[in-house]
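Just so you know, the protein sequences line up as chains A, B, C and D, in that order. Using our numbering, the final residue of the first sequence is 506, and nothing's skipped along the way. Using our numbering, the final residue of the second sequence is 506, and nothing's skipped along the way. Using our numbering, the final residue of the third sequence is 310, and nothing's skipped along the way. Using our numbering, the final residue of the fourth sequence is 310, and nothing's skipped along the way.
Among the hints, a few may not be true.
Partial chain B-side listing against chain A, Cβ under 7 angstroms, derived [as the list claims (entries may be wrong)]: (1) E157; (2) L172; (3) I176; (4) P177; (5) K357; (6) Y361; (7) P431; (8) Q434; (9) L447; (10) Q449.
Derived DSBU-like pairs (lysine-lysine); straight-line CA-CA distance at most 30 angstroms [as the list claims (entries may be wrong)]: (11) K155/B with K441/B; (12) K309/C with K265/C; (13) K265/C with K309/D; (14) K179/D with K238/C; (15) K309/C with K265/D; (16) K309/D with K238/C; (17) K309/D with K238/D; (18) K456/A with K214/A; (19) K155/B with K155/A; (20) K238/D with K309/C; (21) K238/D with K179/D; (22) K167/B with K414/B; (23) K440/A with K296/A; (24) K167/B with K155/B; (25) K386/B with K441/B; (26) K238/D with K179/C; (27) K265/C with K238/D; (28) K441/A with K465/A.
Hints were generated in silico from the structure; no laboratory data involved. Yeah, the Cβ is synthetic: ideal placement off N, Cα and C, and Gly gets one too.
For reference, the chains in residue letters:
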Amino acid sequence: MPRETISIPQKLESLSVLAPDGKLDTDLEPHIPDDDLRRLYRCMLTARRLDERCLMLQRQGRIGTFGPSKGQEATPLGVAYTLNPDDWHVPTFRETAGQLWRGWPIDTMMLFWGGHEAGNAVPGNVNDLPTAVPIASQCQYAMGISWGLKLKGNQQVCAVYCGDGGTSEGDFHEALNLAGVQNLPLIMVVQNNHWAISIPRSAQTRSQTIAQKAVAYGIDGVQVDGNDILAVIVALREAIEKARTGGGPTLIEAVTYRLSMHTTADDPKKYRTDEEVSEWEPRDPLPRFQRYLQRKKLLDEQLEQELDAEIKAELDEAVRKYEAYKFDPTDFFNHMYAELTPELREQMQELRAYLGQIQSAD
Amino acid sequence: MPRETISIPQKLESLSVLAPDGKLDTDLEPHIPDDDLRRLYRCMLTARRLDERCLMLQRQGRIGTFGPSKGQEATPLGVAYTLNPDDWHVPTFRETAGQLWRGWPIDTMMLFWGGHEAGNAVPGNVNDLPTAVPIASQCQYAMGISWGLKLKGNQQVCAVYCGDGGTSEGDFHEALNLAGVQNLPLIMVVQNNHWAISIPRSAQTRSQTIAQKAVAYGIDGVQVDGNDILAVIVALREAIEKARTGGGPTLIEAVTYRLSMHTTADDPKKYRTDEEVSEWEPRDPLPRFQRYLQRKKLLDEQLEQELDAEIKAELDEAVRKYEAYKFDPTDFFNHMYAELTPELREQMQELRAYLGQIQSAD
Amino acid sequence: MAQLTMVKALNLALTELMHADSRVLVLGQDVGQDEGVFRVTEGLLQTFGPDRCIDTPLAEAAIVGAGIGLSFTGYLPVCELQFDGFSFQAFHQTENHARRFRNRTRGRYTCPMVIRMPYGGGIRAIEHHSEAPEATYAHLAGLKVVIPSGPRNARALLRSAILDPDPVIFFEPKAAYRAFREEVPDEPETMPIGKGVVAREGRDVTLITYGALVRPTLEAAEELADEHEVDAEVLDMLSVSPLDGELINASVQKTGRAVVVHESPRHCGVGAEIVARIVEKSLLYLEAPVKRVTGFDTIIPYFANELTYIPSAGRVVQATLETMKF
Amino acid sequence: MAQLTMVKALNLALTELMHADSRVLVLGQDVGQDEGVFRVTEGLLQTFGPDRCIDTPLAEAAIVGAGIGLSFTGYLPVCELQFDGFSFQAFHQTENHARRFRNRTRGRYTCPMVIRMPYGGGIRAIEHHSEAPEATYAHLAGLKVVIPSGPRNARALLRSAILDPDPVIFFEPKAAYRAFREEVPDEPETMPIGKGVVAREGRDVTLITYGALVRPTLEAAEELADEHEVDAEVLDMLSVSPLDGELINASVQKTGRAVVVHESPRHCGVGAEIVARIVEKSLLYLEAPVKRVTGFDTIIPYFANELTYIPSAGRVVQATLETMKF
Ligand SMILES: Cc1ncc(C[n+]2csc(CCOP(=O)(O)OP(=O)(O)O)c2C)c(N)n1
Ligand SMILES: Cc1ncc(C[n+]2csc(CCOP(=O)(O)OP(=O)(O)O)c2C)c(N)n1
Ligand SMILES: [Mg+2]
Ligand SMILES: [Mg+2]
């Protein structure tokens, strides 16, 4: 037949487990030990409270511009939960909940928003990358990491995040294409939160889903309810299992919503309606997961109060540590190369002389 | 159903009209006036002979490195034939046949391979871009051109070419994504000739077809036999019609084969078998189109001989003109800005002084 | 006459020209509904509609590439890149094409486009939001590279840049966006691209700078005059390609001493080019080495420490006194 | 001892280190079956297999990005970019990440990678195949930028670059790839990155250059000696970042005169930095302005005319004589 329809062999599916209304698909419900469920809830709650605290600190001028992740806690938390510590976790900049699960100290995260390189201090026991600022650029080094993991036999996998806006960048395309060709253990998690600053998802790309972009690379694509941590865990477990057994990369679109501003420098009222936001509030992952635990009798009033108190104390302590942080203003010269170059030594001396002089001046 | 398959609404099809064995799909056969068929054949033949002549000139050191397009004449010729002169034709570097149809003088094309900017002299009556060297980079300005055309009401469309290798570049992705979002009158013709220098199509991307990459952008994708000029014309007429009526972009994968070396600097024996090449020879677009015309009684021995003689004369004349080309070695300063900057004027004088001196010296 | 910040002055220049010339388009990320993350495109979508003030997907190379193609079809595109640190995502389109098409086609196709971007540090932003890559662009023949220092010249230079028949990289010093206001005349102004100005006349030493550092350099000049009896001339280059060598050498031949000030790294920076120009034309006038007060050859520190890196009036004073003592 | 071309010498360096250190990988377009378009990777696929000599799709940013990620997992990647003119497609990965990760993570993650590319003009290639972007990379703190001039130092410097704990941009002068052979010792050699060498001793003037222009500069020096009684010292910088300022100033303090020679454009080029370094440390020794014999501030002409653009021995002689007469 000289005119034929081309059919796509790869898996391309959408997935949800725990509906916003609490309806649960018990066939798909992942097995998670009760204790893990409690720890996951605690982590999600901590991420939310940390978000609120950072907004306050920013308003008080105690940190700089801050990018909240309110409403997007379920996806990175679900991802981080399914990874092993020695798997690689490559965030962009809205994966606070995942980083907390991976063991990032809260004060370290505050140091990042406070304008200190120390905010990138990766905990020693995990293979995490720090926040990536240039959109989608992290896809490329995550691809490279997963390449290294493949060369070592796929014992570990690499999960990387990107936003819906990030899918428009060349880096997203090049990285996934190479991951496909080389059959790399890479899990690309696109947090489709429907906005890239003021650009709505619909103006970012004409494809009906982000998941279907997998077709361009001949790999599997899954669209998952990103506010449904159970669905995220199911999707990740399948993708990770596949990657570990040499099945290659998966593109996962986590459908979620940025409930807060893009950053504290942003005013969402300029480009989106309150109605839209309130439509999404009922799908907030936190109360949804909370109700799930309540139904399982893993949460009660008292436990919630204890949690709140603990988390508040943790945050207070983190702020104290963050604000007690001291640094040598000329230390930055020491980290450009393994060894200071002659030029840098000279420039460092030049700066130290000047700083010494103005100190002695006043 | 919490686990659903995602279906793709866009058109994704493959198309062929005139099979290698001469079998013709008369339902799909496009209407082309006899005189056009003759002119098309003449142009295809000229492209082939020009290719052969340039290889000879290169071996004799009369031009520099040359990139043949032997075996790929049908696609650009079919594209150029379906475009209006005021439509935009944006080649990469294997579209000789299309450029000839658009009216590019043969000696101009020789000037390009001979190392002269004059080789980019676009004929006055067409909206053509010159050869693009950085792979896939042309996709971006072609997208911009089609954007301008949309702003002017889609009276004109823009056809741009890219290779199978080029589809791996970020530029290909960004351009098609934006064209989709903005619904631009852009026709992206990927000449899938199965090789990117030594990299086979299979190592370039894991997707089964290039056409299916359209799914990533929510636009139509068509895979056409690129050695079947009739199929190319059918596919282009549909895509152009759609674009002119505001239907937006189409991705067309033209399946073809590079019968010759990548460039005269390349040795294909290093990476592909003669068997593979000989498998493709029967699908050569030139004899295929020749037989089509013969069956239509539009070609006979005598006409063929006349054609050969005419084309040879044209090529001889072009070589003469090319080799008679003279230029001012300091002229290049004049084309950096609308006006010479003070620095450039100084540097130009510096160079002229030096050239004058060495001339008087010998 | 109105008292405007640089942001408002730039917005005025865009609004004026979009009214006057329908070929002028603005495109970039968040330039429409959001009016630009710094609000430079305020009101443009409302006034000129979505065909002339265009929000793009998140793809810098596509923004610049689109600008090139739009140029070919007769438009005067003004591309906004959201931050200097992300202009590198489009670097190949700028280097491979925007700067080359006039030469490549001997003028058949040209790129009368402007690539605007917020420039430099000092606004307490995260990594990649405080770069100063002017030398990187100035080294690319075929581009012009403009860096205004205040509201009035920003408005005039942006107009000149948009009307310029060649591609212009237009760096907008973030630290000067809202730091101060200036009288801006009601009538549109232009300024010649490639010419600097004397920001302060002086006899003893020439301080050569541009962008946001013009103000601290002027402060330094005042301190030098008040406390050290040094009468410094301050040059505001306004453009680093073309670079106004005549202005520089005329001043240095008068003063015999020079200090170059910029926030970008020193190695292979614009400061080096300025020194080379001085040596080529004014060696025999030089009474002291030309000092470079610049950013250091490091990544600019995260913002808690960025002011240690960006040259200050104090560092300029110190370097100038050393130059005087030499 | 073997007589090798630079291509063979580079291939030797790669082969030696891939044998010695299993962390070394080579990746790029056509580096495998095709053995590189210039054959620098000859035999590597056959000897080390497709896991260590890896053909990639056509995507420069992915090649560099992959190199960064491979570094994090313990490899020493050698990325080949097919031509300097296409390194800009990867420029954002180099600028945003390769050069920054050590600083960003205070050493937790580093990029001990090499980005190799054919460099410069003179081989009658089409547009974008003859660029000389060393200043563009030298301006980026965190990178080292190396440019060998001959087979022996190419082999030694490539070894040093691969073993270097930081990212190195390794420019291979195309014009020197096969132009001549040199004795290359059997034992692997390294050379310190950031140090230049005296290619010819002289008393009267210092000619400072690197890459493919070392040979024409040496020819110029011979002509100056034979026909003009000028005894020129020739410095081969070998690396433009770090730049060996000590070597430059020691020589200029001896000769009192200098001419800088490079094929890249003049404006904001490495030559300007060299002049600035001389002025900072040796002003009082200078008996004449430092001349810059460089590529012009244009696109390099298409190859029929490229030799008009690339500095020749003749242009060096002329400039040196003017410098001597000053
Ligand atoms: C290469 C690049 N361009 C522009 C920016 C400025 N910027 C920061 S976040 C952002 C929007 C990102 O949208 P998306 O990828 O959807 O992530 P989200 O903010 O929604 O989490 C932009 C444009 C950037 N950081 N990097
Ligand atoms: C950005 C860029 N990278 C590398 C090259 C070198 N190069 C020239 S042609 C080519 C292969 C192109 O393959 P494809 O896109 O399939 O086109 P084809 O040569 O098959 O027509 C390469 C790698 C280039 N010209 N531009
Ligand atoms: Mg988003
Ligand atoms: Mg191909």
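Taking the hints in turn, this is what the structure says about them:
| no. | hint | in the structure |
| --- | --- | --- |
| 1 | E157 | holds (5 angstroms) |
| 2 | L172 | holds (6 angstroms) |
| 3 | I176 | violated (17 angstroms) |
| 4 | P177 | violated (23 angstroms) |
| 5 | K357 | holds (4 angstroms) |
| 6 | Y361 | holds (6 angstroms) |
| 7 | P431 | violated (20 angstroms) |
| 8 | Q434 | violated (21 angstroms) |
| 9 | L447 | violated (29 angstroms) |
| 10 | Q449 | violated (34 angstroms) |
| 11 | K155/B with K441/B | violated (37 angstroms) |
| 12 | K309/C with K265/C | holds (23 angstroms) |
| 13 | K265/C with K309/D | holds (16 angstroms) |
| 14 | K179/D with K238/C | violated (38 angstroms) |
| 15 | K309/C with K265/D | holds (16 angstroms) |
| 16 | K309/D with K238/C | holds (25 angstroms) |
| 17 | K309/D with K238/D | holds (18 angstroms) |
| 18 | K456/A with K214/A | holds (17 angstroms) |
| 19 | K155/B with K155/A | holds (19 angstroms) |
| 20 | K238/D with K309/C | holds (25 angstroms) |
| 21 | K238/D with K179/D | holds (19 angstroms) |
| 22 | K167/B with K414/B | violated (35 angstroms) |
| 23 | K440/A with K296/A | violated (41 angstroms) |
| 24 | K167/B with K155/B | holds (25 angstroms) |
| 25 | K386/B with K441/B | violated (33 angstroms) |
| 26 | K238/D with K179/C | violated (38 angstroms) |
| 27 | K265/C with K238/D | holds (23 angstroms) |
| 28 | K441/A with K465/A | violated (36 angstroms) |
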